[in-house]
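> Quick mapping for you: the protein sequence lines, in order, are chains A and B.
Per my numbering, the very first residue in the first sequence carries number 2; after that it's consecutive.
Per my numbering, the very first residue in the second sequence carries number 2; after that it's consecutive.
Accuracy of the hints is not assured; some may be wrong.
[As the list claims (entries may be wrong)] Derived contacts from chain A toward chain B, CB cut-off under 10 Å, selection only:
no., residue
1, Pro12
2, Tyr14
3, Gln41
4, Ser49
5, His179
6, Ala361
[Stated by the list, open to error] Quick list of the computed label-pair ranges, beta carbon to beta carbon:
no., chain 1, residue 1, chain 2, residue 2, range
7, B, Ala439, A, Gln297, 22 to 28 Å
8, A, Gly299, B, Ser148, 53 to 59 Å
9, A, His47, B, Asp159, 35 to 41 Å
10, B, Arg160, A, Asp159, 19 to 25 Å
[Unchecked claim] Under 10 Å between C-beta atoms, here's a sample of chain B residues computed to sit facing chain A:
no., residue
11, Leu147
12, Arg178
13, Val300
14, Asp329
15, Thr337
16, Ser343
17, Pro433
18, Gly435
19, Ala439
Simulated from the structure, these hints should not be mistaken for lab results.
Note that the structure is predicted; figures quoted are calculated from it, not measured.
Don't be surprised by glycine CBs; every beta carbon is placed ideally from N, CA and C.
Number of protein chains: 2
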Amino acid sequence: MRTLHPSGTRPLYAQITETLQREIADGTLPAGTRLPSSRQLAHDLHVSRITVVTAYAELEAAGAIESRGGSGTYVLPPWTTSRPAGRGGELSAALPAPELPSWQCELMPMRSMEREQVLGHVLRGPLTPDTIGFAWGAGDPRLIPLSEFRRALVEVLDRDGAAALGPEGGAGYPPLRHWLATYLRQNGLGVTPDDILITGGTQQTISLVAATLLQPGDRVITEMPTWPGALEVFAAAGARVIGIPLDEGGMQHDRLVDAVEHERPRLIYTVPTFQNPTGAVMGARRRLALCTLAEQYGVPIFEDDHVREVRFGQPIPPPLAAFDRRGDVIHAGGFTKSLIPSLRIGYVVARGPLREALMARKRTADLFGSALMQRTLWTFLESGAVARHWRRVSRIYQRRHVVMQRALERHFPPGSQWSGVSGGLVLWVRLPEGISVAALHDAAAAAGVGFARGAAFFAEPADQPYIRLNFAAVDESEIEHGIAVLGRLAKEQVRHGGHDPPPTP
Amino acid sequence: MRTLHPSGTRPLYAQITETLQREIADGTLPAGTRLPSSRQLAHDLHVSRITVVTAYAELEAAGAIESRGGSGTYVLPPWTTSRPAGRGGELSAALPAPELPSWQCELMPMRSMEREQVLGHVLRGPLTPDTIGFAWGAGDPRLIPLSEFRRALVEVLDRDGAAALGPEGGAGYPPLRHWLATYLRQNGLGVTPDDILITGGTQQTISLVAATLLQPGDRVITEMPTWPGALEVFAAAGARVIGIPLDEGGMQHDRLVDAVEHERPRLIYTVPTFQNPTGAVMGARRRLALCTLAEQYGVPIFEDDHVREVRFGQPIPPPLAAFDRRGDVIHAGGFTKSLIPSLRIGYVVARGPLREALMARKRTADLFGSALMQRTLWTFLESGAVARHWRRVSRIYQRRHVVMQRALERHFPPGSQWSGVSGGLVLWVRLPEGISVAALHDAAAAAGVGFARGAAFFAEPADQPYIRLNFAAVDESEIEHGIAVLGRLAKEQVRHGGHDPPPTP
């Protein structure tokens, strides 16, 4: 498209959407065409970049185009031609939406828009060429050892044939459980392969444990702030969340003791190592004290240890489960954050009736796992490629962490606060008073910079003065540019007294 | 191993297990060794085949050996050597099991052992070389077009790079939804790609819909017998199941009307096409009547249409959703039964608040799907290989269906009843009085023949006089041999008056 023909009545982005749709439909832009970058097209059409980004997003949602990683945005084949072989069938235009049946109208709307938004970013992934992905929750996909993973996949298909495409039910692929048992024993856990269940990722593990242990009205203790996905599970279970504030050594212990004594929780959910979103590491003494407390009051602890392998050289204590004497710690980990999101593989250590109950819940939830992915992960782990990957990304993320800290110092308004981390993927930043995080979020999105709003990490979302920044999934120049943009927008807000009333402390 | 040294105190199978364990540990049987078939080893050792099968099963559960499809049973590498690179770490013998914490003792035991058993077979898959897999619930994995699937996988990795390994959140990969929309429109459904959500398989879809719609105490109408995985979901949701008996045209309509009028159900769950386990096809007139009934009483219908593509040439009515005027039918399908279990991909048609609620539930359940599997499936569908596969297996399964019917006629005791089916994967057989299905199941397992006990398909399991036989996943000689074994065992029971009292009708 070369020019716009302003109609006067339609917004600019809609005109771009319609023009591109027409050009795709009439073959001017055939399938496979690479579209200009949003920056380029905005320049050519003399419109703002957010206008083009919005138009592209709309076309992508409609399935007309697709953004492919860093390589650009491409025209997809029209979906009317994606016809299953064997039958004809013509597609008419979309049918008018029927009236909703009454049973639909009673369905509950979602609870927290902030959580929706943060999880939406997680679900979208970081590979949107028009956004600097500080919002994303996992590592940099550009660093995945793609050819070694491909080799493992092909090896599994050639070696195992049809057995690799079947169900992987029960506790999961035995060799993978053996590898994990060895790995966990090296981390100080007294486990055998029979104590391990393979799940569809840490989120599924949280969901299965909650379904097994929680009844509506039960109380759950968590760090506050904490992972929004866990908060969604506890909300869906009808549980009440009691948040414990953090210092650099994890949950404030006296607050924790007080909550356990007075609230009689049914579960404690914690991310003791590189806590999400703060990056805090619970010290060894507090780990022992927490295990003792749980044992004393008979409360199980869910240890979410999903990102242990990304660390910057400082010693970190063994997992909480290594301090556990009696089996009160339900230890869970996974491969989404530190390896490959598409694997959909996590694991949990469980024995006795809990193990049986979790296996039954897993079966009810999705019947079985993917033999192909479990066998490929095992082959990939055995090849040594994963250990090399963890060492490599730890080095790279450590440098990016330093770059982000320096950029924050240089660009962020006075009064901003953050702590360095010794591993993981994210930094937690407190903005000075007078800044509306919601307004900053919108302005940053319009400038092509994403971040996670702090409000999503609290059980009772409000406009909290925090933001979470992923330093791992973005390269050094993106960090420099993105933090400069955020800093400039934040300073503008301070200068203009903020768009919204200042948040209450 | 050449001989057994009877110890007098240990059962034979345990002696075999221990001997093989020792030979694997001391290197007599190095990793990769193919073990003799159970038949061969039983012959060599002068023991019964079930003794060897039990020993192999124990070794497989312990992760020492692995059965690989039809190609035999192999020694795995010892798991103590599967050591993650980077650290040392020695494994001692398994630690003594600690005492269970009190919170574990309160966990509920499972409800139905029969359902456990049937689902256990589903989870294990059919590729156990020592069992004729009439129990398995899906198609023959040996017929999967492996090289074409492999080509699609490699194509996706080469084309999409890291984007193929990321999360696939929200509604799922747009091109896959477009393909499905075209496919469903050809089946008479008025849907657009935006009406489709990709899930982790039909079981997950059932589970998400139940979590969205059902409260404890709600009533759910199902066909009776029906899919045990759905019964487990409804039991976990605390719902009460009202079963409607079937005739050849699906749920008996007067019973259905009566139940809808008097029980005011919150959901109707149905498999109208090639019903599981009976194979019944609901006629077009009943489909229309069911939709009208649902509309009249404001009850949503879950249509589980998971095996439509496996059919033997007779015309079948369009899906229930094609008769739906107002959006009361929640139409679901998937690729586990008719294509590849390891894909873990299903889909559901949903609009409005239901769509939003299901997306939120999916996110809570496991955050997102596998971009790699969704892109590979799309590429595989687009290539035409899937349509060819469906045509091919339909022809092969149709022949196997005929072979099984003839074998049943030849071998089963008088008074056995079954109906032919016009598609799908299974036959439902009623055994004559005087036969205990539980005893038959154990005797058949000992003879290397598996089947699904009918009791699992009922909400209130009891020793029902039914068995479900998969004719699709077994080849013609396996059918002939397996049905002959089952027939002989059944006739023996009739001759001896049954092992248990005859079931009440």
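> What hints, given by number in increasing order, does this structure fail?
Those not satisfied are hints 1, 2, 3, 4, 7, 17, 18, 19.
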